[in-house]
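**Student:** Read off the chains here:
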Amino acid sequence: MTTNALTSKSSTSGRAGDKIFSGAALGAGVLILITLFAVAVFLLIQALPTFMADPADISGGEGFFAYIWPIVIGTVIAAAIALLIATPIGLGVALFISHFAPRRIAGPLGYVIDLLAAIPSVIYGAWGYMVLAPALVPGYDWLAANMGFIPIFEGPASQTGKTMLTAGIVLAVMVLPIITSLSREIFLQTPKLHEEAALALGATRWEMITTAVLPFARPGIISAVMLGLGRALGETMAVALVLSTGGLIPSLIQSGNQTIAAEIALNFPEAFGLRLAELIAAGLVLFLITLVVNMIARAIIARHKEFSGAN
Amino acid sequence: MSAMTTFERSNTTLTPPPSRKRNSLAKGKMPKWALPAIGAGSIVLGAAASTLTGFSVATFAIYSAVLFLVIASVATTVVEGKRRGKNAMWTYLIYASFILALIPLASVLYTVLEKGLPGMNSHFLFTSMNGITGAVDNQTVAEGTPVLGGAYHALMGTLLITLWATLISVPVGMLTAIYLVEYGKNGPLARAITFFVDVMTGIPSIVAGLFAAAFFGLLLGPNSRMGIVAAVALSVLMIPTVVRSTEEMLKIVPNELREASYALGVRRWRTILKVVIPTAISGIASGVTLAIARVIGETAPILVTAGIASNINLNVFANWMSTLPTFIYYQIMTPTSPTNVDPSLQRAWAAALLLILMVMALNLIARLIAKIFAPKKGR
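Protein sequences appear in the order of chains A and B.
Sequential numbering from 1 applies to the first sequence in UniProt numbering.
Sequential numbering from 1 applies to the second sequence in UniProt numbering.
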């Protein structure tokens, strides 16, 4: 009798507990989906006035497209510079840690590179503004004097160093740890037998890397670079602090150009009414761009499930 | 030269008549002294070339590195053949990329320490910017007295907003991870959640801030900026990190533990709460700590959601708040006294040092938690 009472009591309360708990877990999961959906919806609602408004009322006076186009290009330029610098160096660092450094110090070296990722973006911005930009001025002067015939190095060079190239370099420093840590994981997963087979056939270490490691890691490298791209596109503070903004110009060593994220951060605190809607619309555009980039990267990772360490 | 040395060695160690032939194992190999010699030569030449174009440490380092790379690769190619030359070149390039990656890290840490230490004192830590105007800073500079004003309000803002963000994200994130691992299995909903959590990881921080601002803007009217809005924005950034790390940790809890618990007649939810989570708690705690470290330094979302304040505001549900990152940003971008920016910069760098110390401490704590409380591994 007592046993029965016990079991029946425990089973009813237990069943309720199970229901509540699984319901809460399900609810939390659904909440995340709703949140992501809500991000898009709320941004869209708040941005709507921009698309409805008279083109003459939009900043620049030529409609939203004319307003957003230059800063989309600026965003892409900044991210492209960052990736051009960070990808080779990041892969080099990853190879160094996975295949070149002595085993005993490889782990600590990985931590050191991860430290780069831990530093807050505003501190990178401050560093770029106070240290890197002034230090790059002589280099920009040299570029303007000797390479000025190439449009992207057209002079006169900025004398504060607060240019697109500086912003791109700061972004590269911030993207580097992402590319390094993801590709390092993948390099380490290269089948040992492939590597040893290459070495046994008389390959040098570099030949072993090009024939065994890199082909195996290619999808992983692509997705690492894509994730780095997502970060570079959305990074705000480094650009807001480092770049002396202006209209779209081809030269990377003059002040000018702007990115979406920095445009929002610089203008949002004083914005109201239509300007606010405009900035939120710009945010929506940025959201869509990064969403597409990240979804492609994740799809590549998902297609190659064996690279499970890629997260 | 290498032939010479092998010859001499064989002369002393071997009794048979010395052969003039090179040792076949050492044949076609760069002698040991070659690389240091090329290195020394490159440094000398680099210094000379740098002096010709106006000496600076940067050009000296660049010239020396390029000279070493070229000379050493060419020398290896000549002595050891094309394939080994290529191998040598890429090896040097990979070492160089690692050194190159360390330069910004060292430079940032050095700058923050050098510029932040002078301003780091108890006055800075325990006073706010309330009443600190340009005139105060001008007077400080003119009279050479210690810089007034501090970051107490920003420190409190950072702690409160991060605390609230943690309070929101940890339950949601952990429950989601539990759903994914324990209930969802690999169903369509679980797969959708996993995919979108991954996508959420890539949301730019400023967009998360805009979302929170837009959401509360619709609820409470435009320009409603306060701590809790910032906390919601930070949660959007924090939840995916918490989900991912918790999920990984729950996945490595051995199934035998769950099955043993079920076999004893324990309900599923009690199994999860009493068996699964305690087993994984060290990993979860360290993941949460890392997630906090990630959001504590976020600037952009705070900028658009909590505004900026110079006085102490401990209520996250009303009025604007300052945090350390926004404090740094505004002290640099709009110095308190436009004519004498040094006091503002000193405060900004001291705040940067404080922020870096907090982030590093959190990272260290996360590693310690993971190491100390790690579950005992079976064999």
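One or more hints might be untrue.
To be verified - Which stretches of chain A does chain B cover? Using the computed rule of at least three CB atoms under 8 Å from a CB of chain B, they are:
hint, segment
1, 23 to 35
2, 64 to 78
3, 143 to 150
4, 155 to 165
5, 169 to 181
6, 247 to 259
To be verified - From the structure, some residues in chain A lie toward chain B, with a derived Cβ separation under 7 Å:
hint, residue
7, Gly17
8, Leu95
9, Phe100
10, Pro102
11, Trp127
12, Phe216
13, Pro219
14, Glu270
15, Ala271
16, Gly283
17, Val292
18, Ile296
19, Ile300
Rather than coming from a laboratory, the hints here were simulated on the basis of the structure.
Using N, Cα and C, we set each Cβ at its ideal position, and we do this for glycine too.
**Student:** Identify every previously stated hint that the structure contradicts and give their numbers, smallest first.
**Tutor:** Numbers 2, 3, 4, 6, 10, 12, 13, 14, 15, 17, 18, 19, in rising order.
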